[in-house]
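In the numbering used here, the protein residues as written are 1347 to 1503.
Source of the hints: derived by calculation from the structure; they are not laboratory data.
Just so we're clear, the structure is a prediction, and the values are computed from it rather than from any experiment.
Where hints are given, some of them may not hold.
Label-pair ranges, simulated between beta-carbon atoms [stated by the list, open to error]:
1. G1363 x Q1394: 21 to 27 Å
2. M1347 x G1474: 48 to 54 Å
3. V1439 x E1401: 27 to 33 Å
4. Y1375 x Q1411: 42 to 48 Å
Computed list of lysine-lysine pairs in BS3-like fashion (alpha-carbon distance at most 30 Å, straight line) [claimed, not checked]:
5. K1360 x K1434
6. K1348 x K1434
7. K1434 x K1501
8. K1492 x K1408
9. K1435 x K1360
10. K1435 x K1445
11. K1348 x K1408
12. K1435 x K1492
13. K1408 x K1434
14. K1445 x K1348
15. K1445 x K1492
16. K1435 x K1348
17. K1434 x K1492
18. K1348 x K1360
19. K1445 x K1434
20. K1360 x K1408
21. K1360 x K1492
22. K1501 x K1348
23. K1435 x K1501
24. K1445 x K1501
Idealized CB from N, CA, C, for every residue including glycine.
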Amino acid sequence: MKPIASTAEILFFKMTGRSVDERWVAWAYDMIVAGFDTESLVMLAGEQRPFNQFEMQHLAEKAFQELNLRWDDRELVLRNYACYVIAKKTMVVALDILKEAHVDLNYEMFYHDFYLLYHAKHSLDNYGDQYYWDGATEENIDAVIKECFVEWRNKCG
């Protein structure tokens, strides 16, 4: 049985050291609904605010172990997260999320194109010109972004 799509987001959060919040709890609940059933997953799904990060991180890690989910393959986690965001969000929101991930990860080159495309679109929308992406204009920026997303979708498993 394959984990639900939002597992990519949660593994990205784990790999990058993000705090456990309601998204993790919702993920645990959705995994149970999808047919996964482990003790730690059930406990995580039942948690409510305020979250004790020490306990929640430990509980999440146990759930990952029970489900045999790994976050140690950095490139795979980054790719799966980008695929998830592109599939689940609008073009503008996806660009913003992945641009922020690029910055949060100290300008991780894996997400560099998203950063450039975000700023190209922003500059074109606000100033009418841009210097981030060769050949991108006001008339074609959305098509350029869509083409990049299609290329990424082809990399997704």
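Open item on the list: If you test the structure against every hint from before, which numbers come out violated?
Closed with: 4, 8
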